[in-house]
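**Q** This is what each chain is made of:
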Amino acid sequence: MDNWFDRNIPLQKTVNELVLITKAKRGDRDAFGKLYLTYLPGIYRYIFFRVGQRHEDAEDLAETVLVRAWEALDRYRLRKGSFRVWLFVIAHNALVDYYREHAKRAIATINSDVPDETVRGVSPEETLIVSDIAKQLRRALEQLSDEHKQVIVLRYTEDMSYAQIAKITGKRQDALRALHHRALIALKKLIKDI
Amino acid sequence: MNMEDRDIIAALKKLALIQPRKSFSARIEADVRQLPQTLQTSRISSWTLLPVAQIAIALVIFLFITSVGVVVASDRSNPGDILYPVKKAVESAQVAVASSPTARAILQIHIAGKRVREMKDVVDTNKNSQELDELSHEYEMHVDQSLAELDSASSSAATARENVVKALEKHEETLQTVKNEVPEDHQASIDRAIDASQKGQEAVQTHENSDHNNQPSQGSNASVQGVSSLEAKNENSQQSHDNGNQDHGASSDKSTHDQGNDKSQNNSEKKEK
Chain W
1 MDNWFDRNIP LQKTVNELVL ITKAKRGDRD AFGKLYLTYL PGIYRYIFFR VGQRHEDAED
61 LAETVLVRAW EALDRYRLRK GSFRVWLFVI AHNALVDYYR EHAKRAIATI NSDVPDETVR
121 GVSPEETLIV SDIAKQLRRA LEQLSDEHKQ VIVLRYTEDM SYAQIAKITG KRQDALRALH
181 HRALIALKKL IKDI
Chain V
1001 MNMEDRDIIA ALKKLALIQP RKSFSARIEA DVRQLPQTLQ TSRISSWTLL PVAQIAIALV
1061 IFLFITSVGV VVASDRSNPG DILYPVKKAV ESAQVAVASS PTARAILQIH IAGKRVREMK
1121 DVVDTNKNSQ ELDELSHEYE MHVDQSLAEL DSASSSAATA RENVVKALEK HEETLQTVKN
1181 EVPEDHQASI DRAIDASQKG QEAVQTHENS DHNNQPSQGS NASVQGVSSL EAKNENSQQS
1241 HDNGNQDHGA SSDKSTHDQG NDKSQNNSEK KEK
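If you're matching them up, the sequences are chains W and V in order. Counting with the numbering used here, you get residues 1 to 194 for the letters of the first sequence. Counting with the numbering used here, you get residues 1001 to 1273 for the letters of the second sequence.
Heads up, some of the hints might be wrong.
What the hints assert, rightly or not - Covered by chain W, per the in silico footprint, the following chain V stretches (three or more residues, Cβ under 8 Å):
{"no.": "1", "region": "1010-1016"}
{"no.": "2", "region": "1029-1035"}
{"no.": "3", "region": "1084-1096"}
Stated by the list, open to error - For lysine to aspartate or glutamate, the following DMTMM-like pairs were computed, each having C-alpha atoms within a straight-line distance of at most 25 Å:
{"no.": "4", "chain 1": "W", "residue 1": "Lys34", "chain 2": "W", "residue 2": "Asp159"}
{"no.": "5", "chain 1": "W", "residue 1": "Lys149", "chain 2": "V", "residue 2": "Glu1004"}
{"no.": "6", "chain 1": "W", "residue 1": "Lys149", "chain 2": "V", "residue 2": "Asp1007"}
Unchecked claim - To list a few chain V residues with every Cβ distance to chain W over 12 Å, as calculated:
{"no.": "7", "residue": "Gln1176"}
{"no.": "8", "residue": "Asn1180"}
{"no.": "9", "residue": "Gln1198"}
{"no.": "10", "residue": "His1207"}
Bear in mind the hints are in silico, worked out from the structure with no lab data behind them. Cβ coordinates follow ideal geometry from the N, Cα and C atoms, glycine included.
This is chain V alone, in the form it adopts within the complex (with noise of 0.2 Å):
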């Protein structure tokens, strides 16, 4: 190639900086914003789920094969360690098979647990703030998603709810014994995390208010314990490295319920569908 094919190809590839107006891509939002909703938006087929599913379960039977113990030692991993990637690459494959949003909203506070514990050994271990301060973040995120999910699920996933708000207690708890341990310029960090878990509680409890009157169904109890059991497992493999913080309200025994917390009663955001 001579100079003069590298001269024009390297200005074509320049080319490159030429963007969308930024008008433009406010306007694509607004218009995002406004697509119709369509027949698939209803419900997905398995069919349809089935590339990304299978890709997911090949992920983790990859994983597991490779070594048994790689994945199960990938959930006591934390930021940092070599095998914390795994633990997020199975947790966003867990969210991806998950058939409804009743379901989809227990993982995500799930994981939102996971989030918790995570904070509480970096405080153990000394570790910085930066890490904190991005699992506050990430718990944050993982909690909106729950609440997102719940807001699509039908009515009658009253257990879900009631479980949801269980585990947020059990976040907000553990949460505030962090703070005891952390100094004071790092607290802005589990703040947030309290907020998000109160406001989360708040939003939820908001909702039950409004629909007390709906009964758990059998379809969403049978989902929730399918989750359940899914914990079951998690939380055996956690058992050597939990001190005792769970917060998956499925398999609670918390009979009480505090609701103490007389806060104004704020909006949860709501994600639109």
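Pulled out of the complex, with its shape left as it was, chain W reads as follows (with noise of 0.2 Å):
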């Protein structure tokens, strides 16, 4: 149906939105999931370049987050903040949790052929480079400390504002552009030396 309500996206988003979260928060499992499934790409491409790109170990982890977010459904409140951002908090943590409880295994080798079906979307030509790039990438920032490679998705590959990427990490704002920085310098030696 053409009309402003429909054109205007992120309005609509924001409505919808919130018709599912005042119905997940009165205990309806289909909305929650329904917001879920919205933000679990990139609430699993977090966690998954958190925990050395490791499929098995990030689809865990994301569904500790699936639960956890659940759980503390009833002190989500609106004003403080969107879901989204709520969520990568609940993932922020769990992964605090996942380095107490784990040891960081050494960096991870990169299988040589990436999975089709982790790149959706994308020409079988564009694969083929997106996947050399993304191959040299990925293996860059892998050796990224933990503190750089979280700003660098954060910002780039989930498109999070400083102010979010604040919320989410509890690091201040310049603190989080000085860590940028460094961050972008870091990674491109890396890519230079592979």
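Please assemble the complex out of the two chains, which come individually in their own frames, going by the hints.
**A** Here it is, written out as structure tokens:
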């Protein structure tokens, strides 16, 4: 239906999300499921890059985030920020617990064949190009410190503002900007060395 | 920023193409269905609802202040009209602030009735069938949502169920009239809506037959009456627009109850809460 409301995607998304959040807080699992699935790709990627790019570990943690978010839903307040950022905070805290329980493993070796199912919506020719660059970049990312990796992934892959990243990581925005600058320098150096 | 930084950043953004494995998304859907019921699911306090209610009320007040007639006028709007999005936003806000499953059930059936009126208007003005199809889908969705709310309402919400059935009967009546005016190739949309109305009536009546000993409680009636006054306000704004098609059973004078739809009793889809 071509009308102002349907064209005004941000407003439509906000109203729809408000309704889903209200329903989820009343115990509607379907509504909560829809919300979580909307943000799952970003949550998954955030975890994925911080657990050595291992799908199994990322999936386990993403499930943990689902359960923790459901249990904490009663404490979620709209005035405290967006639902998406709230989920990322839970993911961040789950990763802190993960690191506490597991010693950080050796830098993961990335398969030479990137599974096609993890790269969707890309043409076959583009997949080849993306894969080569992506593999190089992913190797370099994996060698970054966790702090650097976090700010790079949240800023560019998840397209977050410094304000949002500050809420997730608990760091100040000025500190994040400095961290971001150092992270890019470190990443460039790693890419050159690969 | 030099070229190198731009290339790296572009490549970083492309990492957003990485998605969870399809099998994992399915696993998450299964996990969601098994999430435990928590204390929060039994009752939500008004304080918890307050921020959402504040936003919803603020939206309505803002619209009221900007123009007293906007919200009222929007209620008469149809798909394609400039105020139609306002109408839908107000409907969403009303559902968000409704305090009980019974109230939400009545609201949803009231909104479903609006979709029926809109279908009639679309046909009267010979608009395209795509809108009919979308309205029919929305009608079906609101009926389903009303039934789902009734399912989670207490067994003493008999009056609400009765009102929902009456409303659905009215919808079916109007839809049959609309069907007679619609060209044959547009009738599938109307048939879908009629089917949804009939199935809704069966579902509620099946529920009533199994709970025929329950008496409506004071609380249930109070919430229904509260919504009835809301409907009365909306009805007043609709008087000049509506050619007598009323969908809120609370004010219906219809005393005869047609139980002649002897179709096989198919269970309605119960949405898990």
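**Q** Now look at each hint and say whether the structure bears it out.
**A** Hint check:
no.	hint	verdict
1	1010-1016	holds (count 6)
2	1029-1035	holds (count 5)
3	1084-1096	holds (count 7)
4	Lys34(W) / Asp159(W)	21 Å, holds
5	Lys149(W) / Glu1004(V)	18 Å, holds
6	Lys149(W) / Asp1007(V)	17 Å, holds
7	Gln1176	25 Å, holds
8	Asn1180	25 Å, holds
9	Gln1198	25 Å, holds
10	His1207	20 Å, holds
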